[in-house]
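Peer 1: Listed below are the residues making up each chain.
2 protein chains.
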Amino acid sequence: MKVVIVGGSDAGVSAALRIRELQPNFEVLIITKDSYPNFSVCGLPYLHSGEIGDFRSLFHRTPQDLEAIGIKLKLDTEVLAIDRTNKVLATSSAEHIPYDTLILGTGVLPRRLAVLDDLHSPSVFYLHSPGDGEALESFIRTKQPRSALVIGAGYIGVEMAEAFATRAIKTCLIEQNNQIFPSAEAEFATRIQDALTLKGVSIHTSCGVEKASQTVDNKVRVTLTNEESLEVDLVVIAIGVQPNSKLAKATGIELSAQGAIVVDSYMRTSDHSILAAGDAVHTFHRILERFTYLPLGSTAHKQGAIAGEVASLHLTHQFKGSLGTQVLKVFENVFATTGLKRGQSRQEGYDPLFIEIEADDHKAYYPGANKIYLSILGDKITGRLLGVQMYGKVATAVQKRIDVAAVALYSRMTVAEMVDLDLSYNPPLGSPWDPLQVAAAEWIRRSQVQRESSI
Amino acid sequence: MKVVIVGGSDAGVSAALRIRELQPNFEVLIITKDSYPNFSVCGLPYLHSGEIGDFRSLFHRTPQDLEAIGIKLKLDTEVLAIDRTNKVLATSSAEHIPYDTLILGTGVLPRRLAVLDDLHSPSVFYLHSPGDGEALESFIRTKQPRSALVIGAGYIGVEMAEAFATRAIKTCLIEQNNQIFPSAEAEFATRIQDALTLKGVSIHTSCGVEKASQTVDNKVRVTLTNEESLEVDLVVIAIGVQPNSKLAKATGIELSAQGAIVVDSYMRTSDHSILAAGDAVHTFHRILERFTYLPLGSTAHKQGAIAGEVASLHLTHQFKGSLGTQVLKVFENVFATTGLKRGQSRQEGYDPLFIEIEADDHKAYYPGANKIYLSILGDKITGRLLGVQMYGKVATAVQKRIDVAAVALYSRMTVAEMVDLDLSYNPPLGSPWDPLQVAAAEWIRRSQVQRESSI
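In order, the protein sequences belong to chains X and E.
Number 766 in the numbering used here belongs to position 406 of the first sequence; there are no gaps in the numbering.
Number 806 in the numbering used here belongs to position 446 of the second sequence; there are no gaps in the numbering.
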């Protein structure tokens, strides 16, 4: 059996590793456009911040590591077409590569911004592939930029603004929406914004690029929609992504309304010889109980592993769904979220109650206590937990406290059940009622008050 | 309605607070032997370590705080007998106090060590009540002890050894069992022991006190069962606790085989006018699915709140059970556990597989990664998760990672389901496969290997 995998990032490599484990006799070939497979694109902001010195340390595994365990690689090669009838791929290297099972891990394409693309400027960057990161880092090291504009304040935009500020590059971050970081409820977006502002990042929301031009020395001049103008040494565009599904589309595989590849819980496309996983596919959302588009690295790993199992003829393990669990570091602070936001939950027909509390990460009498800001979103009708958001310093461990909520959500708990959980307590490390339980108790109290006053 | 609560610690005060909230017109009286109600006994080791400067900062709430919200207090008063027929308490203050509902939060008594009790030495301490802590702290401040013997290496023993070492008191810790900290699997007990030894604590396991005597200047001379002798300025005895249930027993309320007060899931004793909660009662164990004796502060808070609800005539909320979740700080390291240990699980009729892994707390390419040691115990027959233990530096957040496992255990997950959880990922804060998931995957791998080799 020959399994060919298109794409050498998280989903593709996870699939390949699983096949090597389960079917050591299967042939596994990864074809990727990039020069670098199994590269941590999520780690790029920390290369650009200067916290990681060497580009090569961002390899999860080197090409040699992968080949050593029997995974064949064809790098710098684009798959141009899939001939499903003959089960053959046409590639940019003019080779025709047969497959028994094909796995598509084609990932995303960055949304483009024409007003800046039109400049064809060497100072304008997207941050999508390992090569993009390599090019940006080389630019920073050789040109020593003093100022930057980051367009788009999602994951990459915020992390790049942090990176540039850490590297003492004067940074402006702009966002089309009326708040930064759309995964955060407004209260938490404000905290993230304050953390960035405190370190000198200048932020404009409800703001886009009106006009752009280039100076003779490759600086970029931008006029914003709020009529401000600025001239910067460097522009990063991070205005979102779209599934890279053109190969699937061209061969007639079913796509979702958002253009993502449609898969079942075994990651099988509409052609069962072709599996797909990661950022190119639509994702089952465990709370919405339907498919949505929610590309995340952690999900790509899981889906890739399942695709690898199915390609290994082990149909035992289905994808159980995403909760949209995410965590963002902003300097020494952390924002974390799992589940729905209130606006979204209302659209889904829930009757949401959103409450927010402040609590210490451990007993205040022990030195070094820090505040945690924590919100709970629940459905007033059924009492079901719908979402949790947190913000605090790295030392408060909100990056793992969110996982406690994620397991509760996975298990479809009510808010009330969270009060019953047997969580750990020790004065220097916690409280007898964990902040999640304090918030849950407050949610119950408020939902009862609301119920009584509405009778 | 008049609710009288015997005991002013976690369970009693939690009950009182809940009643004030639900039934503001009920009269609530707490009677306690201690001078200090609502005191954090769990915080005492950090007073004795010198990390907390003021004894009074260990009040969760002061007597004035409690009285301000309408909770009446009778301090320094012992309840001598319960007349259930007339619903009246006899007290050490010669008063007869009537009740409609009685809540017993009488806690524990420390196990005594006769060989040292017989000395009647001012240098020998138990660490049980706020007054014990006050006396020990006063002793340390006035006598400036240079050496200490801690007998018993459970929670209090280990924390006191840490406290004394932090205060530059040369400390010997001895333990009758063949490992310290009995809640830890042997592999983890070794790590805790190493952390203590590294800071100069000398430890003897399988070791007790053979003989003890007192010098003229109140030093204590001890001969250990391993034939070593030592002379110390201070002895702390922490060889375990037993439920303080004599009041309940004397009035004919049902006790368990271990002498704990028998309660149902509403914390009602065999006399439904009398509720009981906290360390004096037996506790429903959620995995064993039966009652056991497992006194813990976090449990006492939960049970107390439920007793308060039931006393407030709100029978809506039942105690859902303990998992034995515990966390221990040892200097800058943390041990955490939830669920069963392998020996215990075997006794319960499970076919346990115990595996242990080492993993980084976040992607190793980002600076500051630290190792986490993590074990998973599962049942080979059903695949059910039975227990998780972890060890790592405070910065690895194992103190909250354990709660992720605790929710999985609460929800009766299989080990395999843990791989499907949507946990947070960001390179500086985690990994795409969380260490818990890495361990779960390893458990599955090993259980399959074992299954195949046994066919």
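By construction, these hints were calculated from the structure, which means they are not laboratory data.
Please note that a few of the clues may not be correct.
Identical chains blur together in the list; that is why a pair holds if it fits in one copy or across any two.
Lysine to any residue pairs mimicking SDA-like chemistry, simulated, CA-CA at most 20 Å apart [unchecked claim]: (1) Lys680 / Ala801; (2) Lys731 / Ser417; (3) Lys753 / Glu692; (4) Lys731 / His420; (5) Lys680 / Arg772; (6) Lys432 / Thr422; (7) Lys753 / Ala729; (8) Lys559 / His488; (9) Lys530 / His674.
Peer 1: Next, verify each hint and record whether it holds.
Peer 2: These are the hints, each one checked on the structure:
Only between protomers do Lys680 and Ala801 lie at most 20 Å apart by alpha-carbon distance; the minimum there is 16 Å, versus 29 Å within a single protomer. Proximity of Lys731 and Ser417 under a CA criterion of 20 Å is satisfied inter-copy only: 18 Å between copies versus 34 Å inside one chain copy. Proximity of Lys753 and Glu692 under a CA criterion of 20 Å is satisfied in both settings, with 6 Å inside one chain copy and 18 Å between copies. For the homomeric pair Lys731 and His420, the shortest alpha-carbon distance between copies (17 Å) is at most 20 Å, but the shortest distance inside one copy (34 Å) is not.
Taking the closest pair of Cα atoms, Lys680 and Arg772 come within 20 Å of each other both inside a single copy (13 Å) and across two copies (16 Å). For the identical chains of this complex, Lys432 and Thr422 are intra-copy neighbours only, at 12 Å inside a copy versus 69 Å across copies, given an alpha-carbon limit of 20 Å. For the identical chains of this complex, Lys753 and Ala729 are neighbours both inside a copy (10 Å) and across copies (17 Å), given an alpha-carbon limit of 20 Å. Proximity of Lys559 and His488 under a CA criterion of 20 Å is satisfied in neither setting, with 26 Å inside one chain copy and 48 Å between copies.
Taking CA atoms no more than 20 Å apart as the test, Lys530 paired with His674 passes in neither setting, with 52 Å inside one copy and 59 Å between copies.
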